[in-house]
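Peer 1: Given next are the chains, with one letter for each unit.
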Amino acid sequence: MSIIGLPIAVAILVVVIMLARKLGTIVVTFMSWRKSAIIAGVYLLGLILSVVIAAVLPNHGFGLMERSHTGGGIQKGNVWTTSYSIRTQKDFESQPGLYLNSRQTFKIDQRAVKLGFAPNPGHFQIYVEQKEADDGKIDVSTYSTPFYVGETDYTKLLQPPKVIFQDGLLVIEPVQQTLTLKLFKSNFTQSQFEGKNAVNLQNGLSSSFGWSEVLLRVPKSMKIDKGQNYLQYLDKD
Amino acid sequence: MSLNNNLLSIASRQYVYKLKANSSGVYSLIFIQVLALLFSLSGIQSMSSVSETLRVNVKYFSADIIISFTFIWIFFMSLRLTSINSKTMDFTLVTNRLSSHLSNIGLLLTTIIFGSISSSLMGFVLKIIMYFAFDRSQIGVNGFYPVFSDILLGIITTGLYMTLIASMGYLLGILIQIHVLFVVLYPAALFGLEKVNPQMLKLSFDFFASETSPLLFAIRIILSSLIVFSLSCLLSNRMEVRK
Amino acid sequence: MTVIQGENLTKSYGKTLALDNLTFQIEENKLTGLIGRNGAGKTTLLKLIAGYLKPSRGEINVFSHNPFDSLQVSANIIFIDNHMAFPTAFSLDDILTEVAHYYQNWNAKLAHGLFDYFSFNPKQRHGSLSKGNQSTFNMIIGLAARCPLTIFDEPTSGMDSAVRKDFYRALLKDYLEYPRTIILSSHLLSEVEDILEDILLLRDGTKCLHQSVLELKEYALGLKGPKQTVLERLKGQEILHTEEFAQGSLYAVIKNQGLTSQQFLKHEDLELLPVSLEDLCIYLTGNAKGGIDHVFKQ
Amino acid sequence: MILNSDSMKPIYIQISEWLETEILRANLKEGERIYSQYQLAEMFNINPATAAKGLNILVDETIAYKKRGLGLFVAPNAKQFILHKRRSQVLKQLINEIVLEAKHLDVKETELMDLIHQVFNEIEEDKE
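Chains as they are written, first to last, in full-length UniProt numbering: chain A, 1 to 237; chain B, 1 to 243; chain C, 1 to 298; chain D, 1 to 128.
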């Protein structure tokens, strides 16, 4: 809070508290101290009950589960290393920290397809793997590395890029997406001892965007214009 | 005539009396906490991150506002306990200054226990409201479910902060009794300090707020509060009992 | 036994001297009236006794303790005045219950008896009572507490005369049933003189006199008659007050020094009149300027 | 009986006189216990010290005697004593006042005697 905002907020609060006290003195003329004590007890019991209720509420429906990505726990701190290490790995399926967004298969008639890409697909890493056989199909899998806001992993909420195959042209289009997230933060009286107190609270709230990865598995004999320098070939050897 | 009335028995009688007398404080506390809860429903902090294709708007929810409001409430509660009116009420019946201070501190500690538990648990009311009233697919499960040890730690820390704040309010109240000008002087001194040496205020704030060891934190708060309360008692000895 | 002992007691507020070198003693189980005009220092003295104020000079002892900020003394005193305050959370009924915990001699039967007699509404709040009813309620507490030292500072302010009468009667009856040291400050001396044992008369912060009511009643004589005769008779007497009330007639108040009324009555033209305590106190504490009439003579 | 606090007569004397009258009227009989100072204080709404002084007069005049720990009792012959005292003292004082007043009003001695005769006769007639 800024140095100007603080006194204003305090002033508003003072007014609120004055009002509350006025209210208290009005209420008190109708209430004996016994009733007040009972109300205090009921209030406290209600609050304790709320903890119990919160504990037993079923956890389905939450958009963000504690761990939404596949393949084991990728901590927020490891997001970047994970993203980089993918490139050296060959087996995407067993790669920890990668979340499979979508999988599509397109049939091709031609033996050779010229793969074309929509303009500016820069935020994807596109990997190409040639299959053992010629089955006339292109498998397109899209993956995502972990996306974090603070401590929360929201990778699962990301929409996969749109993949269209038409007239020998493969179009991978990013989807414009707006995510609204509601996250819980521990009270500052708790977070103080997690090394994230009120003073450096802001640090705990940074978001980190991961990467979208696209894996194309193409028939063995398919020709691809190797001139596309954003393509990365995964060689089986 | 009997002169065997000892300090503690009188102070505890006063404590019970004051507890009943100030029971109406619960209404203002509930009012303030519910108000803070309503404020909290729009989030305590929001953040957005944008990339070319993705925009993430995040709202954070916690009981921070509720706890902060409760802090201010306890400040005014302790301030009120030093008012002339409260003093007159004390001296209407059996008392001396020390027993009056002791019973006030006892009352404040009880209030603090109530305030710290209620403000910390109010966060779960917030969560339950969010669970049913908001689109759950936007809500993160992280931190939704209660963890007993965390709650306990939160309550104790809240209580400790409240103790410190209550001691400050009590001191201010006594100072105002000595001279009304302290109403202005107290905050003015703080702001003056901020202007002259911003580091010092931050340091004293960090002294409590940056301590990450619960034990050290508790020791710091308890010692500081004791010092401030003792100072209040000493200062009040300069005055006449009741005018 | 001496309950209260003041030695050269002086209290000043800034430059104003409220009490000046007051030395006095109050004995146990006496009902003493503290009498004086407004500003004579009655309330200051009572607050010194109750331990609310610190003497500027001199010493005060209550139950052989310094009362200032003393818990021991406080536990044995109740101070009834119209500044008594009770929490708004308490109804009158609650107050009677709560106050009882503080006083070991508390007489709940008396408290509730008086409470019902004066038809208080148990659910009402102390703050919303009229001034007179507040005084009446405070008085109930003062009586029921049965403190070894009970102080009433102008307890009847705002009460109507019927309630005042009831109060004095209640005070006396409870005092007879449970004798204790009681100090009653009042400026309506005529109402209380019969129930008092001693009178401590203050004048400008000093002790004017401290005597039993019985002695005080015989302290002075009033003499009415032709001016010349009266003046002749007054030779060698201590004159407290003179007043010319008609042409050539004089009313004089003199100190009663063993003169029996017979001696005066033998003189035909003189009339002997009793001097009420109230008048006597006014004469003793009055200023030397010749009374209010003096103002109009100018 | 209601005390007259404005009277020239101090209250404690009014108390002792009232007790004497009670003895004369045989409301208090010889050998009977007399009211304590506290009972009197309550009856007349006066301080017990005042009542005690009234009782002391009775003791001093041997109208009453003290029994240790039991209180005051009406002495034997108290009634006679009171009658005697009233005749010799009270009546004399009253007459004293009458004579003074008569002198004041220029009433002759014989005139006063006639007046007394007249009043005597009137009261006798009323009785019959």
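Please keep in mind that the hints were generated in silico from the structure rather than gathered at the bench.
A quick note: this is a predicted structure, and the numbers were derived from the prediction, not measured.
Warning: the hint list may mix true and false statements.
What the hints assert, rightly or not - Here are the computed distance ranges between Cβ atoms for each label pair:
1) B/F132 x C/Q124: 43 to 51 Å
2) C/E28 x B/L190: 25 to 33 Å
3) D/E22 x C/A100: 51 to 59 Å
4) D/E61 x C/R169: 42 to 50 Å
5) A/T105 x B/P214: 30 to 38 Å
6) A/T25 x C/P122: 14 to 22 Å
7) C/K109 x B/L234: 41 to 49 Å
8) B/S48 x A/A11: 24 to 32 Å
As the list claims (entries may be wrong) - Simulated pairs of lysine to aspartate or glutamate, EDC-like, Cα-Cα distance not exceeding 16 Å:
9) D/K9 x C/E218
10) D/K103 x C/E271
11) C/K227 x C/E278
12) D/K9 x C/E271
13) A/K162 x A/D139
14) C/K173 x D/E42
15) C/K165 x D/E101
16) D/K103 x C/E218
17) A/K107 x A/D167
Where a beta carbon is used, it is the ideal one built from N, C-alpha and C, also for glycine.
Peer 1: Output the indices of the hints that this structure fails to meet, ascending.
Peer 2: 2, 3, 4, 5, 11, 15 and 16
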